[in-house]
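A.B. asks: Now for the letters of each chain:
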Amino acid sequence: MSSKISRETFIRSIADLLRKAEIELPDDVVDALRKAEAIEENQVAKSQLQAILKNIELAKNHAVPMCQDTGIMIFFAELGNEFQPGFDLEAAIKEAVTLATVEVPLRPNAVDPLSRKNSGDNTGSGIPDIHWKLVPGKQLKITAAPKGAGSENMSSLRMLNPTETGSIKNFVLETVVNAGGMPCPPLTIGVGIGGSFDAAARLAKEALLEPLDAPMNEFEKEILNAVNALGIGCMGLGGSTTALAVHVKTAHCHTASLPVAINIQCWANRHASIVFGEVE
Amino acid sequence: MEYHLQTPLKLEDIEKLTARDIVYISGEILTARDEAHARILEMEEKGEKLPFSLEGAVIYHCGPLMQQTESGWKVVSAGPTTSGRMSKMTPLLLKNNEVRAIIGKGGMKGVADALKNRCVYLAYTGGCAALAAELIKEVKTVHWLDLGMPEAVWVLRVEKFGPLIVGIDSKGKDIFAEVREKAEKVLERMQE
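Heads up: the sequence lines are chains A and B, in that order. Each number in the numbering used here corresponds to the 1-based position in the first sequence with 9 added. Each number in the numbering used here corresponds to the 1-based position in the second sequence with 274 added.
Treat the hints with care, as some may be off.
Taking lysine-lysine and the BS3-like style, the derived pairs with C-alpha atoms no more than 27 Å apart in a straight line are [what the hints assert, rightly or not]:
hint: 1; chain 1: B; residue 1: Lys390; chain 2: B; residue 2: Lys290
hint: 2; chain 1: B; residue 1: Lys290; chain 2: A; residue 2: Lys126
hint: 3; chain 1: B; residue 1: Lys383; chain 2: B; residue 2: Lys456
hint: 4; chain 1: A; residue 1: Lys126; chain 2: B; residue 2: Lys323
One side only, chain B facing chain A, incomplete, derived with CB under 7 Å [stated by the list, open to error]:
hint: 5; residue: Pro338
hint: 6; residue: Gln341
hint: 7; residue: Ser351
hint: 8; residue: Gly353
hint: 9; residue: Thr356
hint: 10; residue: Gly380
hint: 11; residue: Thr399
hint: 12; residue: Gly400
hint: 13; residue: Ala404
hint: 14; residue: Leu405
hint: 15; residue: Leu409
hint: 16; residue: Pro424
hint: 17; residue: Ile449
hint: 18; residue: Arg454
hint: 19; residue: Leu461
Hints listed in this document are in silico derivations from the structure and should not be mistaken for laboratory results. Built from N, CA and C at the ideal position, the CB exists for glycine as well.
Can you build the whole structure from these sequences, using the hints too?
C.D. replies: Written out as structure tokens, the structure reads:
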């Protein structure tokens, strides 16, 4: 694909990308859920996991959003410094969101935070939320990651003391216990450590995009095992799989601080990517 | 045990249910979440009449994704929302109305007492919205659309809506509370 993409084609592609993210989960997520169902011994939890797998199949076959909470529209964009779109990318993404809201359709979720008035088309001040990263090259990669509120509401951020690195695991466990069945487990847990107040949260969100079959380091495994020992299980009804994966991302931070953000993701770890521009 | 219930629900329909039983509901259910709960309580406080009946009603914590077609509203995707957000408003709602079942996900803290001898909490698998939409046969009507699509009260005709797990029964047994207490004990042991 040339980097001289037309605005119309771009909008079409982003609307289609949103549709894909809403109706079809990435293979690694489906595989992880299948494994969780296979090893589950708690019959209630097993029935819940079976319903989830059936729902995933139904949504894909009928081309309808797998969850009625089609989320708040979040995009991660990696913009090559030599990619020249020739039009306003942000405005085009916004237009694609409006288009997808009607076409897919998506539930209008974006409201003014204080008046609670719904904009009706999933756009508004700061929404869609687009995270730009400038990278070398001639390509533009866009990942759509619509995020539901049930799991987002259970996320947490603390500014720990620099000497409290040993309590990070406990912070994750407390967050998961407090959330119980509310964020629709089995979860993916993104942990952002370091950076600053807002950078930690961004790292945690980026960690949710890691493939679920990516190898976890010892720290991540230790947290995952402890989370699953809690027995909260699928939908908080008890069971052996409370989380499918824990992914940690770090950044250097001020010597006097230790920001830790935990972004909780429901079983429907929705995301889809597309690359525009010349193959390098 | 597995039960098939028809709305409007009677007290004896739900008194026989025990936590972990499986239930299927047929008939009419009403969606209500944050804003609808707030409006119901506000109107009742002022002594105003609701535009729908909650007598023997089944309330579904759901903000559905609907599509308007030439022949009316069509359900696209309609799974349960997090019930926890309605926990504070539910005891008064149950005191004022003979609601017999609440369908939602994630459980409700501090509501088991208000449910006693009145109502049950039924858990539907969170996120299973395509599955739920298959079991909703008709959108009968919608109230309070001014609250926005997710927050409006949608009156739905369902057939064998489930499987629903009895999460909190009318005798005070609460699976979510049991699981939570166990998890808290495990966490305490880990912290020792």
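A.B. asks: Hint by hint, note whether the structure agrees.
C.D. replies: Here is how each hint holds up against the structure:
no.: 1; hint: B/Lys390 / B/Lys290; result: holds, 13 Å
no.: 2; hint: B/Lys290 / A/Lys126; result: violated, 42 Å
no.: 3; hint: B/Lys383 / B/Lys456; result: holds, 15 Å
no.: 4; hint: A/Lys126 / B/Lys323; result: holds, 25 Å
no.: 5; hint: Pro338; result: holds, 5 Å
no.: 6; hint: Gln341; result: holds, 5 Å
no.: 7; hint: Ser351; result: holds, 4 Å
no.: 8; hint: Gly353; result: holds, 5 Å
no.: 9; hint: Thr356; result: holds, 5 Å
no.: 10; hint: Gly380; result: holds, 4 Å
no.: 11; hint: Thr399; result: holds, 4 Å
no.: 12; hint: Gly400; result: holds, 4 Å
no.: 13; hint: Ala404; result: holds, 4 Å
no.: 14; hint: Leu405; result: holds, 4 Å
no.: 15; hint: Leu409; result: violated, 11 Å
no.: 16; hint: Pro424; result: holds, 6 Å
no.: 17; hint: Ile449; result: holds, 6 Å
no.: 18; hint: Arg454; result: holds, 5 Å
no.: 19; hint: Leu461; result: holds, 6 Å
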